[in-house]
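**Student:** Sequence:
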Amino acid sequence: EEPSDSNKEDVKPSKKPKTSIRVKTTIKFKTKFDVVELDASGCVIDKGDDDFMPSLKWIGRKGGFEFKLSDRGLGYYRTGKKVVVPSNVAYS
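Its first residue numbered 349, the sequence shown is counted upward by one per residue in my numbering.
If you're looking for bench data, these hints aren't it; they were derived computationally from the structure. Take every hint as true, because none was put in to throw you off.
In silico BS3-like pairs for lysine-lysine, Cα to Cα no more than 25 Å straight-line:
1) K429 / K410
2) K416 / K429
3) K430 / K405
4) K378 / K395
5) K430 / K416
6) K429 / K405
7) K430 / K410
8) K410 / K395
9) K405 / K416
10) K405 / K395
11) K395 / K416
12) K395 / K430
13) K429 / K395
Pair ranges (Cβ atoms, derived):
14) S389 / P434: 17 to 27 Å
15) W406 / S368: 52 to 62 Å
16) K429 / K405: 16 to 26 Å
17) K372 / R409: 50 to 60 Å
18) E414 / R370: 49 to 59 Å
19) V431 / K366: 52 to 62 Å
20) D387 / G428: 29 to 39 Å
21) F415 / V371: 47 to 57 Å
22) K366 / I407: 57 to 67 Å
23) D387 / V432: 14 to 24 Å
24) V371 / K410: 48 to 58 Å
25) T379 / D399: 16 to 26 Å
Virtual Cβ for every residue (Gly too), placed ideally from N, Cα, C.
Whenever a hint applies, use it, and build me the whole structure from the sequences.
**Tutor:** The following block contains the structure:
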């Protein structure tokens, strides 16, 4: 047998949880960081500099550069320069 409506206990709706207060915080760094772009997997994309130009394929000769796969990836590296990996470049 189902109980009638008169036998049901009055159920009070539960109180809404209190919302948290958001505090805006500003973080200041002593060092200025470059803005970086991430790929789909979250790794930093190396945009290159004076000593390295990233390239997925050979696009012809570039004076003072050699095309190769090295520490910073595939691309054009300045001839005779030691490869320096910037600290803001992440590798998986």
